[in-house]
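Asker: Here are the chains, one letter per residue:
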Amino acid sequence: MSAAVPFEKPIVELEQKIEELAGLSDPALAEEIARLRGQLVELRRKIYSRLDPWQITQVARHPRRPYTLDYIEGLMEGWQELHGDRRFADDRSLLAGFAFFKGRPVAVIGHQKGRQTRQKIERNFGMPRPEGYRKALRVMQLAEKFGRPIIAFVDTPGAYPGLDAEERGQAEAIATNLREMARLRVPVVVTVTGEGGSGGALAIAVGNRINMLEFAIYSVISPEGCASILWRDAGKAEEMARALKLTARDLKELDVIDEVIEEPPGGAHSDAQSAISGLGQVLERQLGELATLGPEELVEQRYERFRRMGRFSEVL
Amino acid sequence: MAWFHKAKKPRARSDGRRSHIPEGLWIKCQGCGEVIYRKEVIRRAWICPKCSYHFHLSAAQRLEALLDDGHYDAFDASLASIDPLKFRDKKAYRDRLRDYQSRTGLGDAVICAEARLGGHPIVICAMEYAFMGGSMGSVVGEKITRAAERALAARVPLIVISTSGGARMQEGALSLMQMAKISAALARLHEAGVPFISILADPTTGGVTASYAMLGDVNIAEPGALIGFAGPRVIEQTIHQKLPPGFQRAEFLLEHGMVDMVVDRGTMRKTLIELLELLWFGPRYDEEPVA
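Those protein sequence lines, which keep their order, are chains H and E.
The first sequence runs 1 to 316 under the working numbering.
The second sequence runs 1 to 291 under the working numbering.
Here chain H stands alone, though its shape is the one from the complex:
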């Protein structure tokens, strides 16, 4: 397997070497393999402890990173997906439904990307159209009706910028979600697991708690988009990735998010199982905290959470 991102090349090479040796099934090599495995852990830790924002952007988009369905499969039981916005269509890039999480029923909303070409097209590269956002809202309002907390997984390059999406009111769909999510009388816990692409991410991200995985990104615009607008040169994307402060640690600093959820050394894709269960523990704790709040308090807490967003001075 070749490296999906350039800085992982030494990791992939070492992985291949270990695999080769293991394939020989020679007991005499066991010690060497164990030594190399230790080296691999160390190498991952070393590389991942000093990623720059552009590298983190690449990890956030890593093709083997766990997607929403992986979290559902790893954390939930009895997943029942619900389809359609009752107005136009079912959007396959945004999932909505109900499942049991730690024995309790919850609503789950999440962007879904595909891995192979056919899946990518089916999931429209994780870019919803208005009907996706309308479906998400419909299911969130069902959750409110039945007193179920909402768990949202955010992972999208952005809302789909296409002709049909505009015709059917992409802007209106996102705007309505922002307003209506602010009013939900049940707990809403949001986690940006990969790419938090602008309004298309925010449209399912108005939560009581906002988490980001350690190597996720969340931004008003992609570094490439920013570079092409401000510099007319997509080559400046790396520099803009730094300037936009789109990493989990930067956004924690700016009080945009509540918690940075650590990933395994080597990123969530290097050990999906522990990444998924790590997030599960945080979600369980946060739902426990929010269970002490009544409906009005939840709405109030969410309002205050977003009310304090922004940095400015009162004097010109």
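Mixed in with the good hints, there may be bad ones.
What the hints assert, rightly or not - Simulated coverage check for chain E against chain H, where a stretch passes if three residues somewhere in it have a Cβ under 8 Å from a Cβ of chain H:
(1) 48 to 61
(2) 167 to 175
(3) 182 to 188
As the list claims (entries may be wrong) - Taking CB as the label site, the calculated pair distances span:
(4) S52(E) to A4(H): 50 to 56 Å
(5) L279(E) to K102(H): 44 to 50 Å
(6) S102(E) to G235(H): 28 to 34 Å
(7) G246(E) to R86(H): 27 to 33 Å
(8) A65(E) to R242(H): 52 to 58 Å
(9) R94(E) to T292(H): 42 to 48 Å
(10) D69(E) to R86(H): 45 to 51 Å
(11) D52(H) to E255(E): 33 to 39 Å
(12) Q16(H) to R94(E): 35 to 41 Å
(13) Q237(E) to R185(H): 37 to 43 Å
(14) R86(H) to A153(E): 34 to 40 Å
(15) R86(H) to L279(E): 26 to 32 Å
To be verified - Only pairs whose alpha carbons sit at most 30 Å apart, straight line, appear in this in silico DSBU-like list of lysine-lysine:
(16) K102(H) to K236(H)
(17) K252(H) to K236(H)
(18) K252(H) to K86(E)
(19) K46(H) to K86(E)
(20) K120(H) to K242(E)
(21) K236(H) to K91(E)
(22) K86(E) to K236(H)
Calculated directly from the structure, the hints in this document are not laboratory data.
Bear in mind the structure is a predicted one, so any value in this text is a computation, not a measurement.
All C-beta atoms, glycine included, are put in the ideal place defined by N, C-alpha and C.
Let chain H serve as the given structure and place chain E on it in line with the hints.
Answerer: Just chain E, lined up with the frame of chain H:
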């Protein structure tokens, strides 16, 4: 060759501000390309007499044209950006801000005010496109949120006139979060049953359209205004084809059910007054009409 040079420098406006409408006796319409007598354009509320093109107006010009006696009391005028990301592209954001502040005489890209319209008290916000393309960062977000909270506290209608390229890149995710912040404040206004009228002027795109501009109880577009989520260039790059003429224009949005009406600048004031009376200031079904 001194006689080819002008003896006097061109006169600068005494207030030090620069309007984005070209000065001079004659003015070229950006809609039809005709050269028109400037005074005639002003007399028609900055609408081209030949093709009805709506010239871009400053926020102050809009407020003066719309409100009773052209009068308004601005609030939160001293709110200013602190460049929270220390953002720099070709130029430092901090320097850009200073330039736009001196050019427009404003602290940021919106004026929020208390005023009267048809004798009724209202809270009104007008965005300033000449200030960094009317982009929304922390200051615009905070000011419009406060305006919504003020309208809620006083139980008076809120009107927002949008003209904006969207969220301001130079403040990163903080700009994005303003969309949710303002929308949450509008949710409260909505629950309290206080009207919010959104006016969409040319252009209104991106995060502004995808939040408050689309959330009016009544959405009103100016004729020909470009209104959308993604900009036309981005869409063309995505679908690899040319967009049909009129796509994302006010009339297109009306046809697709996204705005309630397209209203000429000349009749905007009258329309707003009538709407406010129909929705809010007129008697409720359970009240006696006032003679």
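Asker: None of the hints should be skipped; say for each whether it holds.
Answerer: Here's how the hints hold up against the structure:
1. 48 to 61: Contact hint for the segment 48 to 61 of chain E vs chain H: violated, 0 residues under 8 Å.
2. 167 to 175: Satisfied; 8 residues make the cut.
3. 182 to 188: holds (count 6)
4. S52(E) to A4(H): 50 to 56 Å: holds (54 Å)
5. L279(E) to K102(H): 44 to 50 Å: holds (47 Å)
6. S102(E) to G235(H): 28 to 34 Å: Check passed, 32 Å falls within 28 to 34 Å.
7. G246(E) to R86(H): 27 to 33 Å: holds (30 Å)
8. A65(E) to R242(H): 52 to 58 Å: violated (44 Å)
9. R94(E) to T292(H): 42 to 48 Å: Holds, since R94(E) and T292(H) (Cβ atoms, about 43 Å apart) stay within the stated range.
10. D69(E) to R86(H): 45 to 51 Å: Since D69(E) and R86(H) have Cβ atoms about 49 Å apart, the given range 45 to 51 Å holds.
11. D52(H) to E255(E): 33 to 39 Å: Since the Cβ atoms of D52(H) and E255(E) sit about 47 Å apart, the hinted range of 33 to 39 Å is violated.
12. Q16(H) to R94(E): 35 to 41 Å: Hint violated: Cβ distance 49 Å, outside 35 to 41 Å.
13. Q237(E) to R185(H): 37 to 43 Å: holds (41 Å)
14. R86(H) to A153(E): 34 to 40 Å: holds (37 Å)
15. R86(H) to L279(E): 26 to 32 Å: Between R86(H) and L279(E), where Cβ atoms are some 28 Å apart, the hint holds.
16. K102(H) to K236(H): violated (45 Å)
17. K252(H) to K236(H): Satisfied, since the Cα-Cα distance of roughly 25 Å is no more than 30 Å.
18. K252(H) to K86(E): holds (16 Å)
19. K46(H) to K86(E): holds (29 Å)
20. K120(H) to K242(E): With a Cα-Cα distance of about 25 Å, the restraint between K120(H) and K242(E) holds, given a limit of 30 Å.
21. K236(H) to K91(E): With Cα atoms ~14 Å apart, K236(H) and K91(E) stay inside 30 Å; holds.
22. K86(E) to K236(H): The hint holds at about 17 Å.
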